[in-house]
Amino acid sequence: MRAFHNASKAALVVAAAALVLTGCATDAGGGDSSERPDGVPAAGESRHIDEILERGTIRVGVLAEFPWLVLDKEGTDNYRGPSWTLANHYADALGVELEVVPVSNDTKVPLVQQGGVDITIGPLNETDERRKVIDFVTYSQSSACLYGLKTNPRVAAVETVADLEAASEMNIAYYVGQPFGPWLAEDFPNAEIRSVQGSGSDAPIEELLSGRADLVPADAAKAPKLAGEYGDIVSVPRNCAESNLMPTPVGHGVSKDDPVFRDFLTAIAEEHADEVRQVELDLVAEFMSALDS
Amino acid sequence: MFDVFFDYRGLFIEGLLVTLQLNAIVVVLSVAGGALIGVARHYGGKIVRVVLGIPVDILRSIPLLVVLIWVFFASPMVFGTRYIDPFVAAVIGLSLTQGAYISEIVRGGLASVRSTQTRAGLALGMTRTQVVTRVVAPQALIRMLPPIGSQVAIGIKDSTLASVIAVPELFRQSQIVIGDSMQPFVVLTTLMVFYFVLVMIVVRLIDMLYTRVAARGAS
Amino acid sequence: MTDSLDTRKMAMSGAEPLVLLDGISHAYPNGKVSLTELSFAVHPGEVVCLLGPSGSGKSTAIRCVNMLEPVTAGRLVFEGIDVTAKDVNQVEVRKRVGMVFQNFELFPHMSVLKNVAIGPIVSLKRPKAEAYDLARELLAKVGLSDKGDVLPSQLSGGQQQRVAIARALAMQPDVMLFDEPTSALDPEMVGEVLAVMRKLAEEGMTMVVVTHEMRFARNVADWVVVMEDGRLVEEGTPERIFEQPRMERTRAFFGKLEEQDGVLPTG
Ligand SMILES: Nc1ncnc2c1ncn2[C@@H]1O[C@H](COP(=O)(O)OP(=O)(O)OP(=O)(O)O)[C@@H](O)[C@H]1O
Ligand SMILES: [Mg+2]
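Residue numbers (full-length UniProt numbering), protein chains in the order written: chain A, 1 to 293; chain B, 1 to 219; chain C, 1 to 267.
Chain A on its own, in the form it takes in the complex:
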């Protein structure tokens, strides 16, 4: 009897402690900064700005993706890249700290709508569906490239987009949740296009390696990384930097119901546009040189 009791008591204590601990983790931050920095809209104009100043932090949803938001391998809350640079400018302009909130592909957009984060800085392609539910602060652009294995004769035969449009029976796979589907179907009606479940990488390379797919689409910016990791990979078009496939603006996601906040952030993005672009170029260049050495 006693043993039975003690065991259940211990279990309760552990459970309670666990709840308290995790509960504390939820509501970090605080502090009051009643003073408004110059250029910040007045109180009452933007719900988000008022809350951010009240809280002392700007809550940013992060999901690492080269070359916009690159994680620092050592720590978990440290990032680099154009998105990160710009986010820091937001924080500086508001006189607050960045508060990093991890998001996933399934939560990065809904959390902006729900207000769980002030902005999502995990890079977002500005698609039409997304524009219906959130607004964007654009700071970059992506275009797509198709990747395949050199050793695949059908891939070796297509060098340009025109070659690909003419080719038949190409098998192209992309991850569910990636925006490539409709675009692939429209641009390459001769190809067989499949969506596959994600394994966490940027492109379904496993589909290539296993021979199930001839080509996989991915962001053109991924070219150097893919080439670095898999020596046998080639792209269509061969030089991804010149790719004009599926050009899409990339931005930070903000709530639709706070245009003052969006415009405030957009002004900061425009002000720092050159620096942000340079950070992106530097990051790619840094990566390329690391590959060469």
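Hint data in this document are derived by calculation from the structure and do not stem from the laboratory.
A couple of the hints might just be wrong.
[Said to hold, decoys possible] With the C-beta cut set under 7 Å, the calculated list includes, among others, these residues of chain B facing chain C:
no.: 1; residue: Thr-116
no.: 2; residue: Arg-119
no.: 3; residue: Ala-120
no.: 4; residue: Leu-124
no.: 5; residue: Gly-125
no.: 6; residue: Met-126
no.: 7; residue: Thr-127
no.: 8; residue: Gln-130
no.: 9; residue: Arg-134
no.: 10; residue: Val-135
no.: 11; residue: Pro-138
no.: 12; residue: Gln-139
no.: 13; residue: Arg-216
[What the hints assert, rightly or not] In silico DSS-like links for lysine-lysine, alpha-carbon gap of 30 Å or less:
no.: 14; chain 1: C; residue 1: Lys-147; chain 2: C; residue 2: Lys-199
no.: 15; chain 1: C; residue 1: Lys-141; chain 2: C; residue 2: Lys-199
no.: 16; chain 1: C; residue 1: Lys-147; chain 2: C; residue 2: Lys-125
no.: 17; chain 1: A; residue 1: Lys-132; chain 2: A; residue 2: Lys-256
no.: 18; chain 1: B; residue 1: Lys-46; chain 2: C; residue 2: Lys-86
no.: 19; chain 1: C; residue 1: Lys-32; chain 2: B; residue 2: Lys-46
Note that CB positions come from ideal geometry on N, CA and C, so glycine has one too.
Given the coordinates of chain A, work out where chains B and C with the ligands should sit on it, guided by the hints.
Leaving out everything else, chains B and C with the ligands in the frame of chain A:
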């Protein structure tokens, strides 16, 4: 080839700790909650059995993935906030689902102790509560060990689904590393080995415990 | 049908019945009526055997005595108190009544010694040392002193049933109920259990025994109650019941037993 684990060790270690922590809390909460519901449903009479059966059946029929995403987005409304820490949401979602299954195991375990054992306890002048704690529960507990062990193993594997709400557990951290390093094979293979080892340790420990007490559960 | 054959010694002594079933009826939750206005008395020191065909309600009747089944009508008087009254604490009554089951019902998760000691420890709040001393004494009494540390599952059926008797005795009850204590046993083990019961009877323990062991009923019982279909068919001393059954249904029951296993112990 295994450089990736050294390069990203910070992420892997965090993921490892979060996975262990998440599962430890979920095991404690789901076993405690499942035991409570199971006992209440077994002894609580028809109304309690039916009423508590509704959430149990609902949770057992909804995919865990849906439960997790639902808890993550719906519970802030319940708590009157706009955001709930993904870890807390995962604890709630996993514990609810696991607790539902475990409550059924507990109920079945209690029902498997034949009613004549209860009569024997009552005939010795024990109160109903004493019969439950001294006669029925210990026997039921022994018989519940193997199915609870299986359920805990399922729970550990299912905890990887918490990655969809960005809980920094091992699977999500691995996904991030894969995205950054482009090395799905070595990372996923190592991940498989890790989960195999973790689940085997848990299952074997429970098996060992069971073989030590199995004779006392026979009747 | 002589007077001497029908004399009930204990009743003659003028003692109050220890247990009195006074027109009790019982039905199971599913509506099955199992007892109808059943009456009989058990006097202190008496051994009363309940006989009757399968399904006649013997087990139900014996379970009513320690209130494991609630009676729906009639009175159950225990030691002069009407225990069917609402304010009676059933648990207190059960502490005074020992019970032995057909399938032993030992607690499989406890050692044999703990099985015997658990009643006094849990129900009577006796100090553990005292309860274990008593348990050892009782195990010796049923001839199992060396088996205290093993689990029940390691014992033979006959040994388990002797432990079950010791477990019931540990509560130092005023009356012992036996529900077919030898029916689940292999034939070669029946004797050791009956021997223990006979010894108890000789020591003056009050006992109510449901049994198909006619020889035991004939030789050990002071009083025999024959039931059929939830009703009392007839009652009397074993000599009278076995030698001069009055009711056709009693004769039919004995006739069937004889046909089955030739066990009627008259000859
Ligand atoms: N739990 C129960 N629910 C419904 N009916 C029952 C239950 N237990 C027994 N009965 C019925 O009540 C009647 C009396 O049963 P009881 O077990 O008392 O008979 P018995 O004389 O002990 O028979 P046996 O010699 O087979 O043990 C039988 O018709 C039986 O089918
Ligand atoms: Mg019976």
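Here is what the structure says about each hint:
1. Thr-116: holds, 5 Å
2. Arg-119: holds, 6 Å
3. Ala-120: holds, 4 Å
4. Leu-124: holds, 4 Å
5. Gly-125: Holds, because the Cβ-Cβ distance from Gly-125/B to chain C comes to roughly 3 Å (cut-off 7 Å).
6. Met-126: holds, 5 Å
7. Thr-127: holds, 6 Å
8. Gln-130: holds, 5 Å
9. Arg-134: holds, 6 Å
10. Val-135: This interface hint holds because 6 Å falls under the 7 Å limit.
11. Pro-138: holds, 5 Å
12. Gln-139: Cβ of Gln-139/B sits 5 Å from chain C, so the hint holds.
13. Arg-216: holds, 4 Å
14. Lys-147/C with Lys-199/C: holds, 21 Å
15. Lys-141/C with Lys-199/C: holds, 10 Å
16. Lys-147/C with Lys-125/C: At roughly 24 Å apart (the allowed maximum being 30 Å), Lys-125/C and Lys-147/C satisfy the hint.
17. Lys-132/A with Lys-256/A: Holds, at about 9 Å.
18. Lys-46/B with Lys-86/C: OK: Lys-46/B and Lys-86/C at ~24 Å, within 30 Å.
19. Lys-32/C with Lys-46/B: Distance of about 21 Å is within 30 Å: holds.
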